[in-house]
Structure formats: structure tokens, C-alpha cells
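Please construct the entire structure, taking both the sequences and the accompanying hints into account.
2 protein chains.
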Amino acid sequence: MYGASLAVMLFLMRWLEYRFIIIDNSLEIYIGAIAIIFTSLGVWLALKLSSPKVKTIHVEKEVYVYSNEGFVLDETILTRLNISRRELEVLQLMAEGLSNQEIAGRLFVSLNTIKTHSSNIFGKLEVDRRTQAVDKAKKLNLIA
Amino acid sequence: MYGASLAVMLFLMRWLEYRFIIIDNSLEIYIGAIAIIFTSLGVWLALKLSSPKVKTIHVEKEVYVYSNEGFVLDETILTRLNISRRELEVLQLMAEGLSNQEIAGRLFVSLNTIKTHSSNIFGKLEVDRRTQAVDKAKKLNLIA
DNA sequence: CGGGCAGTCATACTTTAGGGTGATTTTGTA
DNA sequence: TACAAAATCACCCTAAAGTATGACTGCCCG
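Residue numbers (our numbering), protein chains in the order written: chain H, 1 to 144; chain R, 1 to 144.
Treat each hint with caution, since some may be false.
Copies of the same chain look alike in the list, so a pair counts if it fits in one copy or across any two.
With a cut-off of at most 25 Å between alpha-carbon atoms, the simulated DMTMM-like pairs for lysine to aspartate or glutamate come out as follows [to be verified]: (1) K124 / E102; (2) K115 / E89; (3) K136 / D74; (4) K124 / E87; (5) K115 / E87.
Hints in this document: simulated from the structure, not taken from any laboratory.
Set out below in C-alpha cells:
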């Protein structure tokens, strides 16, 4: 393709040169033609050979993680807040909506024990109610 | 800028023409120079004036959304369970751990009103406690 | 081996939540 | 406009939750 174009170009130049010899004083026309042709060549070359700008668009595909999937306990915060294993258990059951009585039954301990645990949990999480505790614990990655 | 370039170009051409007259048989050199200059001009013009080629590459990037981000309310379930807007509001505040008294203050209504709403919510969600309501509402995509 | 911690339990008390019932007012819509 | 749903509020009562305090028991660790 390029070779053919160059051949045509050379032929044109020869032809123009010939015209220049025949018709005197047409040097300006000849130069003008050359200028136009090579300007065109330049434009064509530039458009053809210039490397395209690569624009990379990152399309964010949202992957919904439904809390429990891929959940990992943040042991760091657990130790920092000084929350014990038992307290975490109570917290988990709390998050499931169980009452203190139900939690007591589930863990085979008395209601009072769960109440004590609850109070300790609220103190450590710096909250006042179980609903706040659950909310905060989820945000801190303590429970799923 | 363009004007100055053209002036320089014309001057060069004149000079080359003069050289052509002095040194005989240098027409080829003259033509060659013209060709090179105008090819360059063409390239320059093309690069300068053409709209930049943009090759767009779409890359899908998985973004993990942790439940609340990118949350969309499931209106279907909302209507199916016949839960009103106001009840949803109460539910949302409940999920933040607010007490009925605090919710009442936030919504500028009485405590009794919130109690009524709460009861209705529990009935519609088929639960007995606020903690369960929050848990279920989150699973049903009613709240973030 | 004794102190500290986690876990357990209790009692007493206050606060909040929840159930039931009834009633009034807004509001959207046929 | 008239009707139904939604929203509002009240009262009474019970259940659950939360606070405070004290006590007992294993268990680990310096």
C-alpha cells in the first residue's frame, strides 16, 4: 500500500517535472503541487501511524456482600475493647434478636448472668441499649 | 504562530530558489527539501488539528459493597408486607439503636405514637422484639 | 500461692418495651 | 365529597431490659 503510494507520488513528480520543462515559468505551480501533495502525505502519515491514546475506563461492578458471607472477626478490636469470648457469644445471639431469657436458655446459664454480660458488653462498647450494641458490633466487624 | 511559520516557510523557499539559481542542477535537492518540510507540516497539522484518537478499554473491577453502601430499598416487599413510609422511618431509627422515646423526639411525635408504629411493624414483620425486627428488615432489604 | 480475670448467679430497683383497646385527625384518592 | 388508609395520641397493664451491688468459683500467671 505504502509502496504503491510512493510509486504514484514519484510518477506524479516526474510528470510535473516534465510539465515544468514543457511549460516554462511554471516552477511555482510545480512547487505548490509538491507542497500540497506532501502536506497531504504528512497528514495521512500522522493519522495513520500515530499511536492511539489508550483510555482505560474502569467500570466498577458492584459485588454485594451480604454481611455473613466472607465475614472475618476483627480480633484486634476484640482485644482492644477487652471483650471476652463469652460476651461475644451473647452479642451474636443478641444480634439474632433473641431476648435475654432466650440467650440464657441457649447458653445454659441464668437470666441474671446474661444481664451481667449484657451490661458489661454495653459498657465496653460504650452504648446503652442492645440495639445500639448490635449496630456498633456489626460496624466494628465483631459479628456477622 | 501559523502566520510566522508560513513566513519562515516562504523565506526558506525563496532562499532555496536562489540557491537553485546559483548552483545548477540542485532542483532535486530543492524539491526534496520542500517535500520534507511540507510532510512535516502535514504531520504537524494532523497531530495538532485532528481530534485525538481514543481507544477505550472497559475494565470491569469488582467492588465489594458491604451491605449499606449501594443499598436499594426493596419496594416490592414493602408493599407486600403493607409497611407504610412512616413505619419504615421508625424502623430505620430503630436500627440505629434509638429508643422509642428518642425516635419520638426525632420525628416530633409522642412516645405513644411510636409505640403504636412499633407494634404495627412487629405485626407486619411477624416478630416480637425490635432487635428481631431490625434483623429481619435488614435481611429483607428494607433498611441499610 | 495469691492476685487478677472471666464466668457465674442473686437481689433489688428503675426504665423501657410491648400488648391491647379505643379514639381522633390527616390525607390520598375513587 | 366521601371513604379508606395512614398517622396520631391516650391509658393501662405486663414483660423485658437495664443498673447497681455483692458474692462465689475456676483458672492462669508471675
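Here is what the structure says about each hint:
1. For the identical chains of this complex, K124 and E102 are neighbours both inside a copy (22 Å) and across copies (22 Å), given an alpha-carbon limit of 25 Å.
2. Within a single copy, K115 and E89 get their C-alpha atoms as close as 13 Å, which meets the 25 Å cut-off; across copies the closest is 30 Å, which misses it.
3. Proximity of K136 and D74 under a CA criterion of 25 Å is satisfied in both settings, with 13 Å inside one chain copy and 24 Å between copies.
4. Taking identical chains as interchangeable, the C-alpha atoms of K124 and E87 lie at most 25 Å apart only when both belong to the same chain, with a minimum of 10 Å there against 31 Å between chains.
5. Proximity of K115 to E87 under the C-alpha cut-off of 25 Å is restricted to the intra-copy arrangement: shortest distance 11 Å within a copy versus 30 Å between copies.
Of the numbered hints listed earlier, not one is contradicted by the structure.
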